[in-house]
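Chains A and B, in that order, give the protein sequences.
Per our numbering, residue 1 is the first one in the first sequence, and the count goes up by one each step.
Per our numbering, residue 1 is the first one in the second sequence, and the count goes up by one each step.
Just so you know, these hints were derived from the structure itself, not from any lab.
Incorrect hints may have been included.
List time: in silico SDA-like cross-link candidates among lysine to any residue, alpha-carbon distance up to 20 Å [what the hints assert, rightly or not]:
id, chain 1, residue 1, chain 2, residue 2
1, B, LYS106, A, LEU139
2, B, LYS64, A, LEU133
3, B, LYS106, A, LEU45
4, B, LYS106, B, ALA89
5, B, LYS106, A, PHE134
6, B, LYS64, A, ALA55
7, B, LYS64, A, HIS25
8, B, LYS64, A, LEU138
9, A, LYS136, B, TRP60
10, B, LYS64, A, HIS161
11, B, LYS64, A, LEU129
12, B, LYS106, B, VAL90
13, B, LYS106, A, HIS161
14, B, LYS64, B, ALA76
15, B, LYS64, A, LEU139
16, B, LYS64, A, GLU142
17, B, LYS64, A, THR126
18, A, LYS136, B, ALA89
19, B, LYS64, A, VAL132
20, B, LYS106, B, ALA93
21, B, LYS64, A, GLU127
22, B, LYS106, B, ALA95
23, A, LYS136, B, ALA62
24, A, LYS136, B, MET74
25, B, LYS64, B, LEU46
26, B, LYS64, A, LEU114
27, A, LYS136, B, PHE68
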Amino acid sequence: MHLILFLVFAGLCLAGAINLLLQSHPINSALSLIVVMTSLAVLYLLLGAEFLAAAQIIVYAGAIMVLFTFVVMLLNAGREERTLGSRVARAVGFPAVVAILAVIATVILHAQGLGVARLSDGITSTEELSAVLFTKLLLPFEVTSVLILIAILGAVALASHCGSEEQGTGIRDQGSAVTLAGSDNRILQSPQGNAERTGEE
Amino acid sequence: MSSLFAQEVPLSWYLLLSAALFSLGVVGFLITRNLITVFMSIELMLNGVNLSFVTFAHQWHAVKGQIFVFFVMMVAAAEAAVGLAIIIAVFRARATLAVDRIDRMKL
């Protein structure tokens with residue numbers, strides 16, 4: 001039973017990851033990344049990490065991927081173009097990555113004393129986890145909360161002020177962002193957009 | 001057929017899966033030309049590493065391995081928020097998401 005579950009969800013995981021690379025539209029890539037993260041949550045459960053499986057679905061598949069899909073739709077991102085740079089990266093990058101994967105796989109397969117995972121191993125309860133997290137690791141936990149606070153402030157500051165010509169209020173900036181995203185064509189036809197495109201070509 | 005219903009899976013398989021996920025993330029980082037897809041490849045790499053953390057936490061019955069994954073998730077959430085805000089700012093300034101066109105810091 002464990003083997004079947006592992007094979008099914010590991011297969012889903014790899015299929016989603018490969019699909020992420022093959023799709024040319026970002027929204028398809030985002031959806032396959034959600035598949036990867038959800039099947040990883042099942043694998044965490046198989047390994048007995050109950051809290052992490054829940055956190056994986058809530059934080060990764062929920063919050064982070066909603067942010068991604070929201071930005072993809074807000075920016076109206078189209079399909080990507082293949083350029084010279086990507087061909088070079090393909091020619092050099094693929095062999096290098098395959099070599100790295102081969103080295104890691106050799107190390108893993110030759111490792112001694114790696115155990116097996118059984119469904120009967122039991123789960124690490126959230127109580128056990130929090131007992132360590134809130135006693136021995138309390139300082140890192142608090143520092144993380146400060147980090148997240150800084151990230152929130154940084155995200156708001158970056159998204160509301162950068163690149164807007166008129167120094168309006170936050171609400172006006174929001175409005176201009178929506179019109180920016182709403183019509184991709186209008187941006188490209190505006191004089192500024194044209195000047196930028198001709199300048200680059 | 002009975003082996004298919006085996007009750008145990010070697011931990012090295014989990015580690016191999018995590019190495020494969022990480023490598024696919026690196027490949028995506030190299031070959032995709034869209035800023036958002038490049039960012040998603042980074043998330044894929046983080047997930048691959050998380051799986052190997054959980055596997056080793058299971059191997060040595062160590063709770064701290066799982067707590068480290070929790071911290072990685074928190075940092076990834078902060079990173080996603082800031083990174084996507086930067087992407088929005090870049091798109092407002094350049095009106096493009098192709099990484100080949102975003103090659104100068106100044107406008």
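- Of the hints stated earlier, which fail here? Hint check: 1, 3, 5, 7, 10 and 18 fail, others pass.
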